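Undergrad: In order, the protein sequences belong to chains A and B.
Start counting the first sequence at 1; every next residue gets the next number (my numbering).
Start counting the second sequence at 1001; every next residue gets the next number (my numbering).
Don't read these hints as lab results, they were simulated from the structure.
Honestly, I wouldn't trust all of these hints.
Said to hold, decoys possible - Dumping the calculated DSS-like pairs for lysine-lysine here, alpha-carbon to alpha-carbon at most 27 Å:
| hint | chain 1 | residue 1 | chain 2 | residue 2 |
| --- | --- | --- | --- | --- |
| 1 | B | 1202 | A | 384 |
| 2 | A | 368 | B | 1009 |
| 3 | B | 1002 | A | 368 |
| 4 | A | 219 | A | 164 |
| 5 | B | 1009 | A | 504 |
| 6 | A | 365 | B | 1198 |
| 7 | A | 108 | A | 225 |
| 8 | B | 1202 | A | 365 |
To be verified - Distance ranges between label pairs, derived from CB positions:
| hint | chain 1 | residue 1 | chain 2 | residue 2 | range |
| --- | --- | --- | --- | --- | --- |
| 9 | A | 278 | B | 1238 | 56 to 66 Å |
| 10 | B | 1097 | A | 137 | 23 to 33 Å |
| 11 | B | 1029 | A | 359 | 52 to 62 Å |
| 12 | B | 1001 | A | 367 | 33 to 43 Å |
| 13 | B | 1189 | A | 354 | 51 to 61 Å |
| 14 | A | 426 | B | 1097 | 55 to 65 Å |
| 15 | A | 26 | B | 1223 | 48 to 58 Å |
| 16 | B | 1001 | A | 278 | 57 to 67 Å |
| 17 | A | 83 | B | 1189 | 25 to 35 Å |
| 18 | A | 26 | B | 1029 | 50 to 60 Å |
| 19 | B | 1021 | A | 359 | 30 to 40 Å |
Computed from a predicted model, the values in this text were never measured in an experiment.
C-beta atoms are modelled at their ideal positions from N, C-alpha and C, and glycine is treated no differently.
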Amino acid sequence: MLLCAMLTMVPASALAQDSLPSDPENCLLCHRYPTIGRFMEDGTLRVYYVNDRMWLESVHGEVECSNCHEDVDRIPHTGAEPVDCSTTCHITEPSEDDYFSHGNMVEKYSQSVHGKLQPNGEEKPHAEDLPRCLDCHDNKVLAVSGGLWGTHSALSEETLVRCKGCHTDAQWIERMYAHMTMRFRRHRDPAEVVRTCTGCHEDSDKMQRHGVESVDTFKETYHWKLVQLGEKDAPDCISCHVPTGYNAHEIRPAGDPISPLNKVNRVETCSNPYGAQSCHTNASEKFATGRVHAYGDKAAIAAGVADAGDIDPLLLERARGSYDEGELSRYRFIVMLKYLYKLLIGAIVGTMVLYNTLELYRARKTAKEGDVPARPAKSEGSSKLFVRLNPRENGQHIALLLLFMLLAVTGFMAYATAGLSEQAAVRNIQLFIRSWTHRLAGIGLILLAVNHLYYVASTSAGRRLFVDMLPRLVDVSELAGTVLYYAGLRSQQPPSDRFNFRQKTVYYALWIGTTLLTLSGVALWTGQYLDKFVVDVALVVHSMEAVLACLILMVRHLWDVYVRREEIPLTWTLRVPPADEEQMKEEFALHYDKVMADPDLQSIYVWEPSEDEEDSDGEGAP
Amino acid sequence: MKTLRRLLKAVITVSGFIFALWLIAVVYPPPGLDLSWVWTPREPEPVFFDDEEELFGPMMRRHSPKAPHHFHMIDEQIEVHVHNPEGGLSICSHCHGVYPHYDNEMTRALLNLHGSFMDCAVCHLDQDGASVSYAWVNNETLEVTNSVDGGHGKYSAKIFPISSGFMGLSSVVRPISADAEQAYLSRRPRLGQEENAKEREKLHEALNEEPLSCPACHDQDATFDFAALGFSSDRVGHLRALEVARMVEEYDVFHLPGMLDHQ
Chain A
1 MLLCAMLTMV PASALAQDSL PSDPENCLLC HRYPTIGRFM EDGTLRVYYV NDRMWLESVH
61 GEVECSNCHE DVDRIPHTGA EPVDCSTTCH ITEPSEDDYF SHGNMVEKYS QSVHGKLQPN
121 GEEKPHAEDL PRCLDCHDNK VLAVSGGLWG THSALSEETL VRCKGCHTDA QWIERMYAHM
181 TMRFRRHRDP AEVVRTCTGC HEDSDKMQRH GVESVDTFKE TYHWKLVQLG EKDAPDCISC
241 HVPTGYNAHE IRPAGDPISP LNKVNRVETC SNPYGAQSCH TNASEKFATG RVHAYGDKAA
301 IAAGVADAGD IDPLLLERAR GSYDEGELSR YRFIVMLKYL YKLLIGAIVG TMVLYNTLEL
361 YRARKTAKEG DVPARPAKSE GSSKLFVRLN PRENGQHIAL LLLFMLLAVT GFMAYATAGL
421 SEQAAVRNIQ LFIRSWTHRL AGIGLILLAV NHLYYVASTS AGRRLFVDML PRLVDVSELA
481 GTVLYYAGLR SQQPPSDRFN FRQKTVYYAL WIGTTLLTLS GVALWTGQYL DKFVVDVALV
541 VHSMEAVLAC LILMVRHLWD VYVRREEIPL TWTLRVPPAD EEQMKEEFAL HYDKVMADPD
601 LQSIYVWEPS EDEEDSDGEG AP
Chain B
1001 MKTLRRLLKA VITVSGFIFA LWLIAVVYPP PGLDLSWVWT PREPEPVFFD DEEELFGPMM
1061 RRHSPKAPHH FHMIDEQIEV HVHNPEGGLS ICSHCHGVYP HYDNEMTRAL LNLHGSFMDC
1121 AVCHLDQDGA SVSYAWVNNE TLEVTNSVDG GHGKYSAKIF PISSGFMGLS SVVRPISADA
1181 EQAYLSRRPR LGQEENAKER EKLHEALNEE PLSCPACHDQ DATFDFAALG FSSDRVGHLR
1241 ALEVARMVEE YDVFHLPGML DHQ
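The following block holds chain A by itself, in its conformation from the complex:
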């Protein structure tokens, strides 16, 4: 009794029932309960639950159940056919004041590349694979959408007030306003569009049956990167595959005259000068007619490099007819370029790792045997210091260090995006800062290179640097001698001049890398004016060169000047400090001997910690 008394306090609202205006048959009597459903005989689960509140606010909230489920006329509802969206429902279509139907859209869709029928009226092979309405559409909540024009006056509270001036039914006004604002713009963001399409197009087996390759090829494009980054106007599937002036149900094969992929329509597709989503406004024909998706199975088949055994005959046939000789040459070039870079990077990094290992092995061995050449205790008074880089060279080195780090960080950020904000607005600012920092740092690097050339050409210190850096035959014997020394076949490291062979290699590698990165960077920046193939090549070169440059600096330079040494290679001002006599004798013995024998050279290279050191122009003259 006590319990009964308590339970009468359950709020009536919680256990009350009400009905929806769009449910005169009272289907929700049962279907509003979340566990209404069952397992089918084949083990699949069917959930018959309808969330009534959400349904009311959905696009179909005013459509009665029986309008779509026309043949449900008994309990249990066994044998009911799937809903046909071309059926007529009892919503009034205002332009013709007649019952509404999606029949028009279904008709257009049936003629598209996704329609189940061929032009001759016969069903396409594997028609069951082709998407039904529900594969792409769900029942959206009718939500007011902003964003097309930001806070444009057409989408404002004032508009709603104006509606309410004439129309009196508040619910109708809200639904109509939400409907209008929703239809003013695309209500799927690009990522959702791509997800919708890839639901089928990533299924390689299914695609092969229809002579199409997997859309993984899209996921190697900059377009996809923008989609992933949440860019509002990122190019998704619809942007390029739906003909201008048509809707998404009317996608045609690429050969169709109205297809945006048809070569005659490509410039308009990329530039879309009159569209809301205008990307490459100045796209040249050579840019627009180039390859967009990465090369995939079809190109590999056409080029004869794919194993045809596992591939569906239809895809084989389509692929072999899809590429002309020019396209195939371009495909082969890109593949070969990537392959060569992989070999090159592997060879260079492998050699450097081997070299480091030998170096480490020799140092350990020497230390263990105790035959370290006795380094006299440093005596500040007597030991001379030798200039390695003069102030101007030091300045260039510091600028290079900073610019390189900035370029590497902002460049690889385009790949490593894990630190980006989840908030679109913040993310856009991050991306803007990233891309412009990278470009400005790139310009800085070009200016630095020009400055260095000017320095080399216009100053005597620069000319000396040029001469001392010139590759000579002795560098080869120095390399051989060093390897022999590391291998324990020689007791002494060969003496070096002002720059050893390693420093010369890094210097010239830097020149080659900077030149290639600059050229490819400019090509990527100005891509839409160029041949798309040039842009594709530039992308490979830019990314691979960047990886190579960073690896050389990490694996060799950082190792050589910092990791393996006790001393810190830079002062706190990032300046390369002068070397002491011991280091000179050990590493640059030839140069040391020359300097000690020539008073003129001493005036240049023997470091004088004078007050006006900072003002020195690099000549080293007092």
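Here the structure of chain A is known, so what remains is to put chain B in place on it, guided by the hints.
TA: Coordinates of chain B only, in the frame set by chain A:
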């Protein structure tokens, strides 16, 4: 100072090493090692709803913050109220799932719909000689409650059989205890077919082979005390006179009348 320098050197060396490894992994992706999280950004929040969302959103979308990806608007309630194991509450669902009725075409979906607000024991308990009443048991606290939130089967509590004991103290009737269930499940892999059948029968011995059918609750003469559970008199009347329950009892197939058709 020396320690600081060594620390700095360790940091630079380790980060340089990791960076170099990452670069190598970019050029030569190691098979089986998924590094895509580094360069696959987390999905950003939708970019479309901006200031106007703030202005109009609350007005236009009072109840439904997010559209679920199902045409019939299946919502998160399914997860919260059905798949949530709710501690010891849904012992039966561990083996029988959330949709346990499957063989009777007429009743299976309708019986399953009761699962979100009733424990199986309400119908399946063998009540011979036992004196039980029914009460709401809170999904979180697992205690008898008189406060129920929600509606249409999506409540904060479920109906359970209750036995009244000394001084009016009541306890939830659990025909199968969590311990017995766990003990059986842990033994089951080692049981032979015959042993398994025996153990299963023993586990279910407190259950009625002939569970309650629709008229036990949904009939004018039903004894089930809806009012004691807090239902209003109107609602009790409605539940007792429930048309669907009578259809299910009286027909194999019930043809819906066509008078509501528009054509």
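Undergrad: Does each hint fit the structure? Answer for all of them.
TA: Now for the hints, and whether the structure bears them out:
For the given pair, residue 1202 of chain B sits about 96 Å from residue 384 of chain A by alpha-carbon distance, which is inconsistent with the 27 Å threshold. Restraint check: the Cα-Cα separation between residue 368 of chain A and residue 1009 of chain B comes to about 24 Å, which is no more than 27 Å; the hinted pair holds. For a cut-off of 27 Å, the pair hint linking residue 1002 of chain B to residue 368 of chain A stands: about 24 Å separates their Cα positions. Taking the CA atoms of residue 219 of chain A and residue 164 of chain A, the gap is near 47 Å; set against the 27 Å cutoff, the hint is violated.
As the CA atoms of residue 1009 of chain B and residue 504 of chain A are separated by approximately 26 Å, the hinted pair is consistent with the 27 Å bound. Straight-line distance between C-alpha atoms of residue 365 of chain A and residue 1198 of chain B comes to about 75 Å, which puts the hinted pair past the 27 Å bound. Among the hinted pairs, residue 108 of chain A with residue 225 of chain A is inconsistent with the structure: their alpha-carbon atoms are about 32 Å apart, more than 27 Å. Only pairs whose Cα atoms come within 27 Å are accepted, and residue 1202 of chain B paired with residue 365 of chain A is rejected, the gap being roughly 76 Å.
Under the hint 56 to 66 Å, the C-beta atoms of residue 278 of chain A and residue 1238 of chain B, about 60 Å apart, fit the expected range. Checked against the hint of 23 to 33 Å, the pair residue 1097 of chain B and residue 137 of chain A passes, with Cβ atoms roughly 30 Å apart. Judged by the Cβ atoms, the range 52 to 62 Å given for residue 1029 of chain B and residue 359 of chain A is violated: they are separated by roughly 29 Å. A C-beta distance of roughly 25 Å is found between residue 1001 of chain B and residue 367 of chain A, which places it outside the suggested range of 33 to 43 Å.
For residue 1189 of chain B and residue 354 of chain A, the Cβ-Cβ distance of about 54 Å falls inside the hinted range of 51 to 61 Å, so the restraint holds. Checked against the hint of 55 to 65 Å, the C-beta distance between residue 426 of chain A and residue 1097 of chain B comes to roughly 44 Å, which is inconsistent with it. Checked against the given bound of 48 to 58 Å, the beta carbons of residue 26 of chain A and residue 1223 of chain B, roughly 27 Å apart, lie outside it. For the hinted restraint 57 to 67 Å between residue 1001 of chain B and residue 278 of chain A, the CB-CB distance of approximately 59 Å keeps it satisfied.
Distance hint for residue 83 of chain A and residue 1189 of chain B: a CB-CB separation of about 44 Å, inconsistent with the stated range 25 to 35 Å. For residue 26 of chain A and residue 1029 of chain B, the hinted distance range of 50 to 60 Å is satisfied, since their beta carbons lie about 58 Å from each other. Between residue 1021 of chain B and residue 359 of chain A the Cβ separation comes to about 20 Å, which falls outside the hinted range of 30 to 40 Å.
Checked against the numbered hints listed earlier, the structure breaks hints 1, 4, 6, 7, 8, 11, 12, 14, 15, 17, 19; every other hint is satisfied.
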